[in-house]
Amino acid sequence: LSSASASASAESSAATEEDENEVDESRYDLSLFSPCKINLFLRIIRKRPDGFHDLASLFQTVGFGDMLYLKKLSSSDDDADDDDADDKFECNMEGVPTDRTNLVLRALDLVRTKTGNEDVKFEANLVKRVPAQAGLGGGSGNAAAAMYGANELLGRPATHEQLVEWSADLGSDITFFLSCGTAYCTGRGEIMTPVKAPFDFSPGGTKLTIVKPDVGLSTPKVFGALKYDELSEADPEELLSLFLEKGVDGCGDDAYVNDLEQPAFDCLPELRELKEELVKVEGFDHVMMSGSGTSIFCIGEPADEEGFMKEFGERDGLNVFATDF
1 LSSASASASA
11 ESSAATEEDE
21 NEVDESRYDL
31 SLFSPCKINL
41 FLRIIRKRPD
51 GFHDLASLFQ
61 TVGFGDMLYL
71 KKLSSSDDDA
81 DDDDADDKFE
91 CNMEGVPTDR
101 TNLVLRALDL
111 VRTKTGNEDV
121 KFEANLVKRV
131 PAQAGLGGGS
141 GNAAAAMYGA
151 NELLGRPATH
161 EQLVEWSADL
171 GSDITFFLSC
181 GTAYCTGRGE
191 IMTPVKAPFD
201 FSPGGTKLTI
211 VKPDVGLSTP
221 KVFGALKYDE
231 LSEADPEELL
241 SLFLEKGVDG
251 CGDDAYVNDL
261 EQPAFDCLPE
271 LRELKEELVK
281 VEGFDHVMMS
291 GSGTSIFCIG
301 EPADEEGFMK
311 EFGERDGLNV
321 FATDF
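Residues in the sequence shown are numbered consecutively from 1, following the working numbering.
Treat the hints as calculated values from the structure; they're not laboratory data.
A hint or two may mislead.
To be verified - Label-pair distances were calculated between CB atoms; the ranges are:
id, residue 1, residue 2, range
1, Asp50, Ala225, 17 to 23 Å
2, Glu237, Gly116, 38 to 44 Å
3, Glu238, Asp29, 42 to 48 Å
4, Lys246, Gly224, 30 to 36 Å
5, Gly250, Arg315, 27 to 33 Å
6, Pro194, Asp214, 33 to 39 Å
7, Glu22, Ile191, 38 to 44 Å
8, Glu270, Glu90, 20 to 26 Å
9, Asp304, Asp29, 43 to 49 Å
10, Pro157, Cys180, 19 to 25 Å
11, Asp304, Arg27, 39 to 45 Å
12, Glu273, Asp249, 23 to 29 Å
What the hints assert, rightly or not - Once the Cα atoms are required to be at most 35 Å apart in a straight line, the calculated DSBU-like pairs of lysine-lysine come out as:
id, residue 1, residue 2
13, Lys207, Lys71
14, Lys114, Lys207
15, Lys275, Lys310
16, Lys310, Lys280
17, Lys72, Lys88
18, Lys221, Lys207
19, Lys88, Lys246
20, Lys207, Lys246
21, Lys196, Lys280
22, Lys246, Lys47
Glycine residues also receive a C-beta, built at the ideal position from the N, C-alpha and C atoms.
Turn these sequences into a full structure, and let the hints guide you.
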């Protein structure tokens, strides 16, 4: 599966399930699939003098994500010729800000400024399915899709390399979503080395189930609970080699390392209990929290899908998303 930069096109809307909020795609110039990601391993290397952390992680996009519909407003559009006019932006998910704190609008602003197109306005409609505070990079993926889409609608004034460079101004993870879907990320996460996918592109793909409790955790809270003397000692370069050599199916559980899992469990003990339940589900080969949580991904598919959905899919406070690589 490719990330936003590679998959964004009018045809890519078929890559995600139809949302209950129907969108008239004919009103927009681009329909962009914005995938989320999981961290197949995540090692925290050190805390930096600037307060950020150096990390090493294998990022992988999956087939679950959001849709961003985008158009460039012309002089014939309402308010487009008004000097005080702003972009038009809406989102279906309650609680998602639609002011300029939203990463989609910040991404549009960034591309406009960098390319000298400050007078151009956009209309964007974000149909979200990826929950917030999930460790899935939903907002970062949306920003990458917006950067890619704005550049396309402006006639590609920026190279892909420039978009990648600029994306670090918005956030560490956004750089990854401008890759081809699999990358080894270091630094704060903004230093991206594309690598081959650790799975075979077979019909149906590698099955994956994401389980997200309604309760979330902020990234700063999880990092604040980090105990540096309890971090894994696994060499991230060796972990990377394992995944590239053996793939997601061939690696043992010891390759699935997330240094943020323990502090997240300390902050939210019920998250540990949820993982312990999921580990016992027959058919799941590997179970681990993604990023700083609170999503837990399960590689494989439950042997008793009906029973699994009855136990987890119908449980209050849980959201289950079946997808694949």
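These are the hints, each one checked on the structure:
no.	hint	verdict
1	Asp50 with Ala225: 17 to 23 Å	holds (20 Å)
2	Glu237 with Gly116: 38 to 44 Å	holds (41 Å)
3	Glu238 with Asp29: 42 to 48 Å	holds (46 Å)
4	Lys246 with Gly224: 30 to 36 Å	holds (35 Å)
5	Gly250 with Arg315: 27 to 33 Å	holds (32 Å)
6	Pro194 with Asp214: 33 to 39 Å	holds (34 Å)
7	Glu22 with Ile191: 38 to 44 Å	holds (40 Å)
8	Glu270 with Glu90: 20 to 26 Å	violated (34 Å)
9	Asp304 with Asp29: 43 to 49 Å	holds (45 Å)
10	Pro157 with Cys180: 19 to 25 Å	holds (22 Å)
11	Asp304 with Arg27: 39 to 45 Å	holds (43 Å)
12	Glu273 with Asp249: 23 to 29 Å	holds (27 Å)
13	Lys207 with Lys71	holds (34 Å)
14	Lys114 with Lys207	violated (40 Å)
15	Lys275 with Lys310	holds (17 Å)
16	Lys310 with Lys280	holds (15 Å)
17	Lys72 with Lys88	holds (10 Å)
18	Lys221 with Lys207	holds (31 Å)
19	Lys88 with Lys246	violated (47 Å)
20	Lys207 with Lys246	holds (17 Å)
21	Lys196 with Lys280	holds (31 Å)
22	Lys246 with Lys47	holds (31 Å)
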